[in-house]
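A.B. asks: Chain by chain, the residues:
2 protein chains.
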Amino acid sequence: MPSRSTSRWDWVPFPEPGAPNSTMRMSVKSREPVSSHKGSPRYRRPRVRSNLGSPYAILRATLGGKPCGASTAMKKIARRNAFYAQSGGVTAVINASACGVIETARAHKSAIANVYAGRDGIIGALTEELIDTGKESAAAIRALRSTPAGAFGSCRYKLKSLEKNRREYERLIEVFRAHDIAWFFYNGGGDSADTCFKVSQLSQSLGYPLQAIHVPKTVDNDLPITDCCPGFGSVAKYVAVSALEASFDVRSMARTSTKVFVLEVMGRHAGWIAAAGGLVEDHGIPVVILFPEIEFDRERFIAKVDALVKHHGYCTVVVSEGCHYADGRFLAEQGTRDAFGHAQLGGAAPIVAGLVRQHLKYKFH
Amino acid sequence: MPSRSTSRWDWVPFPEPGAPNSTMRMSVKSREPVSSHKGSPRYRRPRVRSNLGSPYAILRATLGGKPCGASTAMKKIARRNAFYAQSGGVTAVINASACGVIETARAHKSAIANVYAGRDGIIGALTEELIDTGKESAAAIRALRSTPAGAFGSCRYKLKSLEKNRREYERLIEVFRAHDIAWFFYNGGGDSADTCFKVSQLSQSLGYPLQAIHVPKTVDNDLPITDCCPGFGSVAKYVAVSALEASFDVRSMARTSTKVFVLEVMGRHAGWIAAAGGLVEDHGIPVVILFPEIEFDRERFIAKVDALVKHHGYCTVVVSEGCHYADGRFLAEQGTRDAFGHAQLGGAAPIVAGLVRQHLKYKFH
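Residue numbers (the working numbering), protein chains in the order written: chain A, 76 to 440; chain B, 76 to 440.
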């Protein structure tokens with residue numbers, strides 16, 4: 076068992092009821108990431124080899140002292156480990172995906188010996204900080220389904236191309252080899268899928284072929300081929316419910332007060348989340364949705380809001396952060412400036428609200 | 076029964092399971108508010124008198140065709156009506172307060188004949204648009220507990236002083252007299268409490284003494300005497316949970332990405348909501364709370380955030396919209412004012428985030 080792995084419980088704040096609230100924690104000598112020397116990262120040699128690293132260790136670990144037939148021993152020797160890591164912004168359900176990977180691995184014990192999770196994503200592989208999920212009970216793994224944030228830590232770290240940073244890939248392979256990793260599960264968005272592909276290709280050219288599997292995750296629901304990304308559903312529900320509640324609030328006091336409610340949502344290039352905000356229409360709320368896929372037409376927008384307010388007394392506007400003009404400029408780019416002369420943050424909503432105030436004089440929220 | 080009253084079901088989108096999903100709707104001839112002539116509002120003469128307006132009607136309505144003793148009849152004659160209205164921004168539980176008023180009135184049928192709700196707050200009294208809650212079933216009234224927004228409509232409308240607009244008060248009394256209103260329940264914040272007090276005083280000077288009762292409602296929890304305003308609890312829970320979830324997210328990816336999470340919360344002069352955001356500390360989150368009650372010290376703030384990030388790797392900042400400098404200027408002053416003449420706020424978070432970026436170079440959300 077790797078001596079430098081840590082327990083999931085260093086990370087998880089909310090185990091589900093009935094789950095154990097602590098397991099053996101193994102001390103981590105150094106939690107520092109990659110040490111740097113003259114600009115290029117330096118890594119420690121993997122000092123810890125998996126118990127399954129040598130044929131002798133495999134036999135000892137899997138067979139114990141019990142005698143058995145040669146065929147059984149051969150079957151068990153084939154079992155190797157999987158590596159799982161979280162990447163980029165966490166979603167409400169990224170840990171449910173982790174649960175899926177680990178529980179499925181456990182359901183195939185004849186093929187997969189153990190799952191090691193990278194601490195802080197792929198960084199954990201580079202620095203050899205692995206969380207040994209094999210130490211966790213079934214209840215603890217099940218608790219991942221309702222664990223917020225990234226249970227093992229995530230990162231925003233893009234692997235460069237092999238030409239630019241061969242050392243990094245060699246390091247990955249070095250660590251994977253030390254821990255007998257045969258499967259590389261990477262849980263993230265488009266960049267992570269790309270990393271997955273690179274690792275898969277380069278592992279072959281470096282003589283240690285890995286099966287690299289991308290586990291989809293984006294709130295934007297913008298991954299090719301993937302119909303519905305885990306993460307999108309939670310955000311869609313949150314946005315739809317929030318937009319509806321706020322629209323009801325505005326409707327109930329529009330006669331003398333706020334007439335336009337503006338909600339900015341995520342989605343730089345994909346309008347799925349904005350579309351979810353548009354679900355308020357099913358409950359009779361007059362709504363204008365500004366998609367990133369449709370060029371923003373200022374006059375048309377103002378006329379539409381005015382018509383809705385004149386007819387219904389109020390309206391809701393759902394604007395995607397990626398909403399842009401015909402020339403490609405994002406609405407958020409022409410924002411106001413603060414006391415220090417910096418472009419003010421908050422993006423598209425203040426611009427849209429400003430148009431409502433300037434041209435229609437309606438109070439907004 | 077007033078012919079111009081409307082059913083609650085014109086307003087309520089979500090009856091609780093099991094509640095009837097429609098009741099008789101009475102058409103409203105004109106939904107327009109006060110018509111205006113040369114700047115001063117003109118009101119229609121109340122054309123509809125309550126069934127209980129004449130002794131004969133009272134006897135007919137309450138006793139039906141059944142003979143009864145004079146003492147019982149006399150007792151029923153004493154029953155008069157209550158008026159209830161919602162004011163200002165709605166809370167998550169303002170309809171629960173409405174439910175409390177109506178159910179309590181029903182529990183005292185010997186004293187209170189019926190509760191009429193003002194459509195769109197006090198405006199409904201001025202324009203004689205009353206919702207007859209007596210038409211609603213017990214289940215429908217119970218459903219108010221979980222009905223979002225303002226079920227009867229709210230308003231931001233400030234009654235002027237008697238000197239400035241005597242006509243308005245006379246109109247109120249005219250309508251209350253027409254519908255035999257003896258109790259005036261006004262559900263709102265500090266300004267509504269003030270209106271309540273005025274109505275109570277002026278009703279006496281206008282010869283129609285009313286019992287005016289303020290039903291407290293503010294998310295800020297800033298009403299004098301009131302220990303805990305209905306509305307504050309829901310917001311406190313929402314802010315505490317949202318701050319905690321976002322803090323966990325930031326914590327799980329702080330190593331390579333966002334290190335400071337900034338959350339702006341309501342509370343112009345009262346820091347109760349900001350304090351609720353500070354509850355994340357109970358879960359080990361390092362947090363800086365910027366209260367409206369404490370003058371903002373820029374250097375101290377920057378030093379504190381820097382120290383927390385250096386020690387924990389990340390931190391959360393909860394900033395109240397009412398956070399201000401020593402000279403009284405709000406961090407967030409937008410320049411616009413609401414119907415009551417208060418400065419409209421919004422935008423303390425971008426200022427705070429700007430400081431973090433400018434002085435500490437930490438990525439924030």
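The reader is advised that the hints may include incorrect statements.
Which copy? The list can't say, so a pair holds if one copy fits it or any two copies do.
In silico DSS-like links for lysine-lysine, alpha-carbon gap of 27 Å or less [unchecked claim]:
id, residue 1, residue 2
1, 379, 239
2, 436, 233
3, 436, 184
4, 235, 436
Derived from the structure by calculation, the hints contain no laboratory data.
A.B. asks: Compare the structure with each hint and give your call.
C.D. replies: Against the structure, the hints come out as follows:
no.	hint	verdict
1	379 x 239	neither (51 Å within a copy, 39 Å between copies)
2	436 x 233	between (46 Å within a copy, 20 Å between copies)
3	436 x 184	neither (66 Å within a copy, 47 Å between copies)
4	235 x 436	between (51 Å within a copy, 24 Å between copies)
The structure shown violates the earlier hints numbered 1 and 3.
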